[in-house]
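Asks: For the sequence shown, position 237 (counting from the first letter as 1) is numbered 237 according to the numbering used here, and the numbering increases by one without interruption.
Among the hints, a few may not be true.
Unchecked claim - Below, computed lysine-lysine pairings styled on DSS-like, alpha-carbon distance capped at 25 Å:
1) 389 x 360
2) 90 x 229
3) 37 x 291
4) 37 x 360
5) 187 x 307
6) 304 x 391
7) 389 x 303
8) 307 x 291
9) 360 x 384
10) 307 x 400
11) 187 x 157
12) 229 x 2
13) 328 x 37
14) 111 x 157
15) 328 x 229
16) 27 x 37
17) 90 x 159
18) 183 x 157
19) 111 x 187
20) 37 x 74
I should point out that these hints are in silico values taken from the structure, not numbers from a laboratory.
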Amino acid sequence: MKCRICGSESRMFLDFGKMPLANAFLKKEDLAKEEAKYPLALSYCDTCKIVQLTEAISGKKLFKNYVYVSSTAKSFRIHFNELATKLKFKLQLNENSLAVDIGSNDGVLLKEYKKSNIPFIGVEPAENIAKLANEQGLETINAFFNKEVVNEIIDQKGKADVITACNVFAHIEQIHEVIDNVKLLLKDSGTFVIEIQYFIDTIKTMTFDNVYHEHLFYYTVHSLDFLFKKHGLQIEHIEHVDTHGGSLRVFIKKEAIPDETYFQYLETEGRDKVAEFHTYELFAEKVNFTKKNIVELIKRIKKKDQKIVGYGAPAKASTLLNFCNIGKEGITYIIDDNPLKQNLFTPGNKIPVKDFSHIKEDPPNYIIILAWNFFNPIMNKINKIYPQKFKFILPLPSPKII
Numbered sequence: 001m002k003c004r005i006c007g008s009e010s011r012m013f014l015d016f017g018k019m020p021l022a023n024a025f026l027k028k029e030d031l032a033k034e035e036a037k038y039p040l041a042l043s044y045c046d047t048c049k050i051v052q053l054t055e056a057i058s059g060k061k062l063f064k065n066y067v068y069v070s071s072t073a074k075s076f077r078i079h080f081n082e083l084a085t086k087l088k089f090k091l092q093l094n095e096n097s098l099a100v101d102i103g104s105n106d107g108v109l110l111k112e113y114k115k116s117n118i119p120f121i122g123v124e125p126a127e128n129i130a131k132l133a134n135e136q137g138l139e140t141i142n143a144f145f146n147k148e149v150v151n152e153i154i155d156q157k158g159k160a161d162v163i164t165a166c167n168v169f170a171h172i173e174q175i176h177e178v179i180d181n182v183k184l185l186l187k188d189s190g191t192f193v194i195e196i197q198y199f200i201d202t203i204k205t206m207t208f209d210n211v212y213h214e215h216l217f218y219y220t221v222h223s224l225d226f227l228f229k230k231h232g233l234q235i236e237h238i239e240h241v242d243t244h245g246g247s248l249r250v251f252i253k254k255e256a257i258p259d260e261t262y263f264q265y266l267e268t269e270g271r272d273k274v275a276e277f278h279t280y281e282l283f284a285e286k287v288n289f290t291k292k293n294i295v296e297l298i299k300r301i302k303k304k305d306q307k308i309v310g311y312g313a314p315a316k317a318s319t320l321l322n323f324c325n326i327g328k329e330g331i332t333y334i335i336d337d338n339p340l341k342q343n344l345f346t347p348g349n350k351i352p353v354k355d356f357s358h359i360k361e362d363p364p365n366y367i368i369i370l371a372w373n374f375f376n377p378i379m380n381k382i383n384k385i386y387p388q389k390f391k392f393i394l395p396l397p398s399p400k401i402i
């Protein structure tokens, strides 16, 4: 396939098979209908070093009726509070500044700007999620980040001092167009800040379930550097953050002198051999080995007539469960704290999603924490209410019982 970043040939190294869209949860009346499934496979470009899906699904199909709400998890609310505070002081934002958030979701970051009296506006393509933000008084344009929206913001509010894109940069197929729009909206002295899942962390922690159709691109600093330089932008500073199993927070400017973090990451990635195709082939082998171990663990527990339920129905759970072909016969139900997912069924394997009270009504023997990035908070929450009652399964990086 042709690389979406540079047009060179890109080589496939990991094929998950055909999968449903990770957030396409089903209503009861949909269970008998045939689900749409799409190829899910990763490829690597030797020229620009980007990892990407071999096939892209249109954004309109992915985000028409979205169910991911950033504010659901307390840890994310804390994370965005800390981000807003850092940006306020690092970039000297005040009541005369303008902050724009791309893919602003329910306004979790906008809310923090509002507390600090920093003028803001969000851009969110999912109609139902943008509505949640606007209902809270968090001004959000329901649209994709296109030139028309950028011109509207400039006409009404002027150019931006900071533009953020947190956990959305990997989702955008028209990435060159979006970066051009960022350059148009950003002041010459402004800063573009992105948070992206770091593919080196994905490889090292074996968190392959972060691969799903919404995530089109999987970035390293090498691939980001190529992409931004192609648009006349320069990475200035890089920070590692703990979200989503390991992410980068990257500060980009129109003109900048990179600090030591930029060079340190490039050097470390050189040692990690991110520019060698064999690195990705080895990752694919380990993924298939881990899949085998997860399936065998579930089978061993079920042979003892023990009940397993899941906790968390994030998009990553769809990849894990469908790739491992685990359905209701393996996991009886899944608990999720997001009301938009409760009383629905997971895509592909059709496992019912319940609220937390269901644990008391139908107690399990084991709880597999599918939202593994919140493993400790979830386990502590359950143990506080039901001390030492359940055993817990951490599925990745390799399955283990706790």
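Asks: So, against the hints stated earlier in the document, which numbers end up violated here?
Replies: Hint check: 4, 5, 15, 20 fail, others pass.
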